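Model the placement of chain H on the given structure of chain Z, informed by the hints.
2 protein chains.
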Amino acid sequence: MIKIAIDGMGGDNAPYVICQGVNRALKEFTDIEVLLFGDKDQITPLVEPNERLTIIHSEEVIEGDDEPVRAIRRKSKSSMVMAARAVRQKEADVLLSAGNTGALLASGLLLVGRIKHIDRPGLMPILPTASTERPQLLLMDAGANADCKAINLHQFAILANLYAKRVLNIAQPKVGLINNGAEASKGNELSKKAYELLSQEKRIDFVGNVESSELLTGRVDIAITDGFTGNAILKTLEGTGKVIFSQMKHQLLNSGVKAKIGGLLIKDALLNLRDQFDDSKAGGAILLGVKGAVIKAHGSSNEEAIFNAIRQARIVHQSRVIEEFTQYFEESTPINE
Amino acid sequence: MIKIAIDGMGGDNAPYVICQGVNRALKEFTDIEVLLFGDKDQITPLVEPNERLTIIHSEEVIEGDDEPVRAIRRKSKSSMVMAARAVRQKEADVLLSAGNTGALLASGLLLVGRIKHIDRPGLMPILPTASTERPQLLLMDAGANADCKAINLHQFAILANLYAKRVLNIAQPKVGLINNGAEASKGNELSKKAYELLSQEKRIDFVGNVESSELLTGRVDIAITDGFTGNAILKTLEGTGKVIFSQMKHQLLNSGVKAKIGGLLIKDALLNLRDQFDDSKAGGAILLGVKGAVIKAHGSSNEEAIFNAIRQARIVHQSRVIEEFTQYFEESTPINE
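Protein chains in written order, with the numbering used here: chain Z, 769 to 1105; chain H, 769 to 1105.
These are computed hints drawn from the structure, not numbers from a lab.
Fair warning: there could be bad hints in the mix.
Unchecked claim - Lysine-lysine pairs mimicking DSS-like chemistry, simulated, CA-CA at most 27 Å apart:
{"#": "1", "chain 1": "Z", "residue 1": "1049", "chain 2": "Z", "residue 2": "795"}
{"#": "2", "chain 1": "H", "residue 1": "845", "chain 2": "H", "residue 2": "771"}
{"#": "3", "chain 1": "Z", "residue 1": "1017", "chain 2": "H", "residue 2": "1049"}
{"#": "4", "chain 1": "H", "residue 1": "933", "chain 2": "Z", "residue 2": "1026"}
{"#": "5", "chain 1": "Z", "residue 1": "917", "chain 2": "H", "residue 2": "960"}
{"#": "6", "chain 1": "H", "residue 1": "960", "chain 2": "Z", "residue 2": "961"}
{"#": "7", "chain 1": "Z", "residue 1": "1010", "chain 2": "Z", "residue 2": "1028"}
{"#": "8", "chain 1": "H", "residue 1": "1028", "chain 2": "Z", "residue 2": "954"}
{"#": "9", "chain 1": "H", "residue 1": "961", "chain 2": "Z", "residue 2": "960"}
{"#": "10", "chain 1": "Z", "residue 1": "1035", "chain 2": "H", "residue 2": "1059"}
{"#": "11", "chain 1": "Z", "residue 1": "960", "chain 2": "H", "residue 2": "917"}
{"#": "12", "chain 1": "H", "residue 1": "1049", "chain 2": "H", "residue 2": "1059"}
{"#": "13", "chain 1": "Z", "residue 1": "808", "chain 2": "Z", "residue 2": "843"}
{"#": "14", "chain 1": "Z", "residue 1": "1035", "chain 2": "H", "residue 2": "1026"}
{"#": "15", "chain 1": "Z", "residue 1": "942", "chain 2": "H", "residue 2": "1010"}
{"#": "16", "chain 1": "H", "residue 1": "933", "chain 2": "H", "residue 2": "917"}
{"#": "17", "chain 1": "H", "residue 1": "884", "chain 2": "H", "residue 2": "917"}
Fair warning: this is a prediction, and the values are worked out from it, not measured in the lab.
Excised from the complex, chain Z in its bound form (with noise of 0.2 Å):
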């Protein structure tokens, strides 16, 4: 049995997709068991009764601009919290939530725990891409470090490729350094040290600098940059797609007659095209680098994120790389500067 954890509070939607979501996973998956956190009152009604659900009540709930660290040492019976501890208590193995991403950042720090040498967790989303070859994008670090050092930018590509090849299944992960230009010479301080000590790393597949014009088109499978940058660029992918969805749509509706029915012509291929950018088929984020999965699935998820999400808690729990992760780290020598 796979026990997962999972906030029930977290999120805009919740807990109304997230008993959605953990009912559909319950049906789907039967080598699985939740531990759903929050108000039992509001759960209860929402979620089907199952043999391999319990539901633990959690008196607080931590809001999406409460301060992070702050929020779990004062907010200690909420959802996220409790669910973290489960985690760490070994009672759970994979720890999901929809909540502020802060939070879970610091309950992933603070409660489940670092890896023995690995300096800083990362946060991975997994975004599609337009490449029929390399459909998903693993973005590493996608903002848990605002400020990063060389070697932490090492450890997340060590950390990203060993996940790409025991989750995603991809043999040989192409992992690329994003820089401001594709010559080894560009870049800030931090990307030229990056640049080097991934150059050298033999245990990736290192295809040097990528530009974040290039993210979408499949030329790598792993982009390592630090997390101030990283949260910027998806923070980017995400505005921009939605402005452009959202313009189309006035155009189409603005531009008379003619549009508005060829916009009901190619509704279905506007759906699909909408589909192949739908980042809640990819599952949530997920913070490598601490001892135990930790899932972040996006505050707007709907019951078919959480879904996903589930869907990969299960997979990532299967695959067992977070204790190899942890065995990697612990057993070699520390990855220095």
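Frame of chain Z, contents of chain H only:
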């Protein structure tokens, strides 16, 4: 007469599109004079004779992959370096090139020269947004300085603010700092320090942090960041737009007859949409902080983009904003951290 020194050999489609743009601009603007630097044999048949056009022969070309500083030192007879020298020697008022960005930045810095008390000039593209209220966004720095200090970001804000007022006639430009969260406490070391400086700066209307998901929504007129992050954002914007439009075309052509017909009907609406995000209308990116107007047109510029960059060159010169910068920074107490 406004004298514009143009690098006739820079960019993917040079000298052809450069000459086309020059022909059109000379017809439209009777108050400009163009010094066109390049291979005389190639250029002469492409331009329409005009008494306000002087072709100045150059023997070398700086290529896209030339190392910038070395290129401008070694290729002293290149079209870009000769055009930059014309501005330095006050034979021209504005420098315009669609060539190697790094080399143009180096030309601006080393040949045209920094304004006193400006530590680092920044590159500022003008991006189309989805907002009718704020149809343009100034992004500064988009790649001139991979490593920045907070004082640089402070100066970028002052420069961009004056540009928005004088050249774009925005009475009170809203200035935001690109950050990984809305709260003042968010960010990396650099953005936290920059936040402090900007929030104390009375000469700008600082609205606080903006996330990169908000850049195209018109929340601010000016978004300030370091050149590494700015470059990553700019390239993500360009890459995402390109991928979405190309996938849309693919979907319309491959989703059956209905979608194909629909595609034909919405063609105009889609062209409107593309037009809306077409940065060739906005002009080039401007290097702010040097003692002359230096404008970088996109490497893939078409005639329209070159024409608009010349139009922009003319407005920048007429606005006297460069003189104002120079005076402002030379006379005022230097801004310190």
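Verification of the supplied hints:
no.	hint	verdict
1	Z:1049 - Z:795	holds, 18 Å
2	H:845 - H:771	holds, 20 Å
3	Z:1017 - H:1049	holds, 23 Å
4	H:933 - Z:1026	violated, 41 Å
5	Z:917 - H:960	holds, 18 Å
6	H:960 - Z:961	holds, 24 Å
7	Z:1010 - Z:1028	holds, 20 Å
8	H:1028 - Z:954	violated, 44 Å
9	H:961 - Z:960	holds, 24 Å
10	Z:1035 - H:1059	violated, 53 Å
11	Z:960 - H:917	holds, 18 Å
12	H:1049 - H:1059	holds, 25 Å
13	Z:808 - Z:843	holds, 17 Å
14	Z:1035 - H:1026	holds, 10 Å
15	Z:942 - H:1010	holds, 23 Å
16	H:933 - H:917	holds, 25 Å
17	H:884 - H:917	holds, 17 Å
Checked against the numbered hints above, the structure breaks hints 4, 8 and 10 and satisfies the rest.
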